[in-house]
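**Q** Residue-level listing of the chains:
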Amino acid sequence: MLIKLIKYEIKACYTKFVAIFSLYIILAAVAILFLRDKDFIIQPFFAIAIIALAVITAMTLFQRFNSNLFNTEGYLMFTLPCEGNILLLSKLLTGIIWIGALLIIVVPSALLAYTMTGNNNLMGLVDKVFNHNGLLLGLVIIVYFIELILSILVIFLSISVSKLSIWRKFGVLAGFATYFIIDILNGVFVLLFTGKFRSLGSIGSVNSTDFQIFTVKSIIIQGTYDIALCILIFYAIAYLMDRKISLK
Amino acid sequence: MNNLIEIEALTKKYEGKLALDSLSFNLSEGKIVGLLGPNGSGKTTLIKILAGIMKGYEGSVLIEGHAPGAYTKAIVSYLPDKTYLSSWMKVRDVVDMFSDFYADFDKSKALELLKRLNIELGLNVSKLSKGTYEKVQLVIVMSRRARLYLLDEPLGGVDPAARDVIIDTILTNYNEKSTVLLSTQLIQDVERVFDEVIMLKEGKIFIHDEVDNIRSEYGKSMDELFREVFKCL
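Read top to bottom, the protein sequences are chains A and B. Sequence positions in the first sequence follow numbering that gives the first Met the number 0 and run 0 to 247. Sequence positions in the second sequence follow numbering that gives the first Met the number 0 and run 0 to 232.
You can take every hint at face value.
Think about it this way: if two alpha-carbon atoms lie no more than 20 Å apart in a straight line, the pair counts; the simulated SDA-like pairs of lysine to any residue are:
1. A:10 / B:87
2. B:89 / A:5
3. A:10 / B:85
4. A:243 / B:69
5. B:12 / A:170
6. A:247 / B:15
7. A:10 / B:121
8. B:54 / A:242
9. A:15 / A:61
10. A:10 / B:100
11. A:168 / B:14
12. B:16 / A:169
13. A:3 / B:69
14. A:15 / B:124
15. A:247 / B:82
16. A:3 / B:95
17. A:247 / B:83
Partial pick of chain B residues on the chain A-facing surface, computed with a CB cut under 7 Å:
18. 50
19. 52
20. 53
21. 54
22. 69
23. 72
24. 73
25. 77
26. 79
27. 83
28. 99
29. 100
Computed list of chain A residues with no C-beta within reach of chain B, every gap over 12 Å:
30. 24
31. 33
32. 91
33. 219
Hints are computed from structural coordinates only; laboratory data are not their basis. No experiment lies behind these values; they were computed from the predicted model shown. All C-beta atoms in this analysis are idealised placements derived from N, C-alpha and C, irrespective of residue type, glycine included.
Isolated chain A (complex conformation):
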């Protein structure tokens, strides 16, 4: 059932994703071939293009989640003989597939652009940041992946909460409130238990000495917390879908 759901989920969106990814590849190729010696153009170009691509991908995934489950298409999806958790898992895994495709396209082109503009010591920077600690680097990548899943789930939960009939006309407001409450609670946890781990997001601009406080222990705490929150939010959404949300 899950594989079938993923198959139809991919079929529903692949035309759009193939079109935007192809457009990015063409533009990136043109930029790399013809603008390689113009730093002042190529860096903003890649920054804007990558942000735009990420935003379009995210918007498509969340819009699809909303319209496919909670608008008229929901009458088809919620009458399929499967539980809410399977429906939700199909949406989540398809989202990961598309984000994976996005990374496969964006990361090599961004690295190429980065090295072409005179920054040819990328691995040196990574080594410096992580103090030759491969385990730390590996854990950070894993935790970032878990946080990516968590971010998708938080928005899925916010959309689901906004569909509860108790809010009447204030569903959208309730959805935003859910998102910000979870974000604030998450922030409090990070401040209390894992120090500055999240500032790794600005990897290019951080002084290497700042990273001495990022221990394997703090990253494992963060990862464990993220996994627990992912599981909690996943089952909360599935519960809402199975027991609480009624289609209008």
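Position chain B against the provided structure of chain A, taking the given hints into account.
**A** Chain B only, in chain A's frame:
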């Protein structure tokens, strides 16, 4: 005959309003049941609860002994009162999807019905006329060998010729072991096919009986009785 549907004290409040008020009834298998009532009487709410897409009700709802959920969705074939197919789909995709998800879906029957109705498989559903769209939805719903068919206003918005095709499709494709619960306001067009009628009024059952009994008791057709009962509403 076994009861396919058992409903006990079903109450549903929707956005502060009482949509269903302590409804209790059973439906046995092998019947075509008309669900009648004016707008806002609770027909669609009842059908949505049986289809498993409306939650938060009080009372007990059982289909073949199970509360609405994954099990009942495998044996219930539901036609909503709106268009619900994804806009990216071609008619062929719709048939394939039902074939993939429902073990009781008869693909060859669906293809035969679509061919008989001159509906091309390569057409995108978003390009279909309203009448053709509704025929496609009805064909896929009736091509399942379901235990219960829930048809919410299948005749709404289509021309009289299309209505005859739809009624014919329902009659020729439902099987004797299953039950059809059909909601409509176009009673005259369809009352000849009903075995039983449930008439809802303000969320309560006003009449639930076999059609022959109602006709002999009231001396009127269903359409005449409906017009008389609800003329002031």
